[in-house]
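Note that the protein sequences, when read in sequence, are chains A and B. For what it's worth, this note's numbering labels the leading residue of the first sequence as 1, then goes sequentially. For what it's worth, this note's numbering labels the leading residue of the second sequence as 1, then goes sequentially.
These are calculated hints, taken from the structure and not from any lab test. C-beta atoms are modelled at their ideal positions from N, C-alpha and C, and glycine is treated no differently. It cannot be assumed that every hint is accurate.
[What the hints assert, rightly or not] Calculated pairs, SDA-like style, for lysine to any residue (alpha carbon to alpha carbon, straight line, at most 20 Å): (1) K104(B) x V279(B); (2) K170(A) x G52(B); (3) K237(B) x K155(A); (4) K155(A) x E138(B); (5) K155(A) x F162(B); (6) K41(B) x L66(B); (7) K60(B) x N59(A).
[What the hints assert, rightly or not] If you want the footprint, here are the derived chain B segments under chain A, 3+ residues with CB under 8 Å: (8) 49-57; (9) 76-87; (10) 148-156; (11) 175-188; (12) 230-238.
Protein chains: 2
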Amino acid sequence: MKDIFGKVDAILIKSPDENFFYFTHYHGMWENSFAIVFPDKIEVVAPPLEEGKAHFYKNKKEMESLLKKILNVETVGFNGVSLSYNDFLYLKRLLKVKLVDVSKELKYLRLIKRSDEIAAIKKACRLSLKILNETEMEGKSEKEVVYFIECEMRKRDALPSFPTIVAFGKNTASPHHIPENKKFVTPALVDMGARYNGYCADITRTFVEKRGKKLYEIVESALYLAIDEMREGVKAKEVYKKVEKFFAKHGYKMRHALGHSIGINVHDGYSINENADFVLKENMVFAVEPAVYLKNYGIRIEEDVVIRKNRAEIIR
Amino acid sequence: MKDIFGKVDAILIKSPDENFFYFTHYHGMWENSFAIVFPDKIEVVAPPLEEGKAHFYKNKKEMESLLKKILNVETVGFNGVSLSYNDFLYLKRLLKVKLVDVSKELKYLRLIKRSDEIAAIKKACRLSLKILNETEMEGKSEKEVVYFIECEMRKRDALPSFPTIVAFGKNTASPHHIPENKKFVTPALVDMGARYNGYCADITRTFVEKRGKKLYEIVESALYLAIDEMREGVKAKEVYKKVEKFFAKHGYKMRHALGHSIGINVHDGYSINENADFVLKENMVFAVEPAVYLKNYGIRIEEDVVIRKNRAEIIR
């Protein structure tokens with residue numbers, strides 16, 4: 001936060017933007033709402049439909065005068081990757097302030113998790129693993145497995161972090177397969193995660209019998225190779241390159257990033273790929289998902305890890 | 001569409017933007033993907049993770065050269081309410097074209113539904129009504145009713161169009177109540193809707209016993225007053241004003257808009273409020289939701305309607 005407040009006097013977040021939840025912790029719809037973040041306090045400006053502490057406005061005129069009154073400062077940060085072009089023009093005209101894009105700083109702020117965020121992600125992971133363990137696939141279609149998983153989430157006060165992927169047989173060859181009525185055969189891939197209290201898990205398992213067993217072991221080795229490499233001080237792209245090299249040795253190529261930061265979003269801003277120049281720091285949280293896709297099937301294994309000083313801890 | 005192509009040679013939509021689905025009909029994640037809409041064809045540029053017809057790029061350089069090659073025109077429309085400020089600057093630098101905001105035209109294009117869209121909304125409404133009819137509330141908590149409804153949606157290949165609202169007793173006094181563990185008492189309000197095949201329903205029922213019965217009848221009258229007023233050629237704000245006047249006669253005031261267009265989004269762009277200057281046209285679809293909120297409870301009733309030439313048809 002020091003990073004940002006060295007540059008601007010306040011940060012203006014307009015919903016929908018996950019940073020609205022990040023700063024306010026407010027669930028709900030919060031349409032046409034603003035979070036105004038100061039070093040020592042947060043003000044919310046919103047229409048009077050939500051539950052929470054806010055300056056509620058009845059019409060546009062009231063909204064505008066509230067924003068102008070609260071933002072009585074010189075420079076205001078905004079999230080350039082989320083604020084729309086039209087909203088930018090509108091706010092620029094309305095507020096007589098200097099608007100500064102702080103999207104990079106916000107993204108980095110979100111990368112290093114607070115302890116309450118790590119606790120929330122842990123809960124989401126544990127809930128997801130529990131449901132995964134209870135999931136029966138034999139005799140079911142891909143869609144039926146998806147419905148089971150997502151219903152179980154809902155019953156436990158959670159939502160899917162992303163549309164659950166269930167892929168059987170040849171369908172595992174596609175990284176983002178859309179579940180259909182195909183009946184269970186192995187390899188069987190489940191990529192799922194609960195969003196609980198606003199935070200996401202992202203876990204993949206591939207179940208193999210004979211076919212794919214050898215490849216499974218290679219992908220599993222890649223997973224542990226990556227996790228063993230991850231700790232404070234290591235450049236993310238170095239981890240990627242190690243795994244890439246390992247796969248290359250076996251004649252395989254990675255088709256997507258090795259992993260990504262998770263948090264309020266399942267893809268929370270940073271990718272672990274060949275260009276990932278950022279350095280791993282304590283309390284970053286990643287999904288690590290090495291995968292190999294062949295013509296007739298694919299294997300992906302994904303765990304969520306917290307970076308500690310000397311190691312990465314698989315969330316269990 | 002003529003409207004738009006009189007102004008620009010092509011429209012560039014960057015995901016996430018619901019217009020990506022509107023034009024391509026592609027489900028799935030489609031991160032960092034572009035739909036490029038010409039009068040006679042649609043081109044998609046995307047990373048190679050999705051299933052569908054697209055120009056798949058492996059890296060940023062490939063993406064940029066594809067975009068430049070396909071957008072070999074003079075003026076390109078973009079969606080100013082969705083494209084982020086940073087993406088606008090990026091695309092402006094990349095493409096040597098004139099960028100024109102066509103957000104108003106896109107919003108209006110979406111307001112008048114194609115017949116396949118009306119059919120999809122009908123399916124979503126029918127599914128929602130079916131689930132509502134099967135919902136038992138006695139003895140259950142607000143959250144338990146939400147879980148039942150959303151699981152039933154999931155089992156039938158649908159998702160919630162928005163977080164289901166269930167409010168019992170005093171909690172009905174808040175328009176956007178967040179469900180909690182409160183046990184069933186009347187008035188009991190359920191505001192729900194399925195998204196099926198990409199299209200939304202939005203339906204509210206309030207169940208009353210003695211308390212609220214009189215107010216229920218007033219709100220119900222307001223609903224039918226509104227629907228009877230809606231037909232091709234009528235200004236939306238005139239409908240709002242009729243209802244506002246009717247409520248005022250009974251000593252009540254509206255706390256939110258009378259309704260909103262529905263479609264791919266549950267709030268699909270247009271509000272029926274005191275400033276709604278647009279004219280109702282055939283094949284527009286709205287959720288109509290008159291409501292009165294008192295200190296201790298509230299009543300809201302909501303139906304989805306299609307505008308026809310001489311009337312509005314409640315979707316059943």
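Going down the list of hints, with the structure as the test:
1. K104(B) x V279(B): Roughly 15 Å separates the two Cα atoms, so the pair holds.
2. K170(A) x G52(B): At roughly 16 Å apart (the allowed maximum being 20 Å), G52(B) and K170(A) satisfy the hint.
3. K237(B) x K155(A): With a Cα-Cα distance of about 41 Å, the restraint between K237(B) and K155(A) is violated, given a limit of 20 Å.
4. K155(A) x E138(B): holds, 18 Å
5. K155(A) x F162(B): holds, 17 Å
6. K41(B) x L66(B): holds, 16 Å
7. K60(B) x N59(A): violated, 43 Å
8. 49-57: holds (count 3)
9. 76-87: With 9 residues closer than 8 Å to chain A, the stretch 76-87 of chain B meets the three-residue bar; holds.
10. 148-156: With 4 residues closer than 8 Å to chain A, the stretch 148-156 of chain B meets the three-residue bar; holds.
11. 175-188: As far as the stretch 175-188 of chain B goes, the hint holds, because 4 residues have Cβ atoms under 8 Å from chain A.
12. 230-238: violated (count 0)
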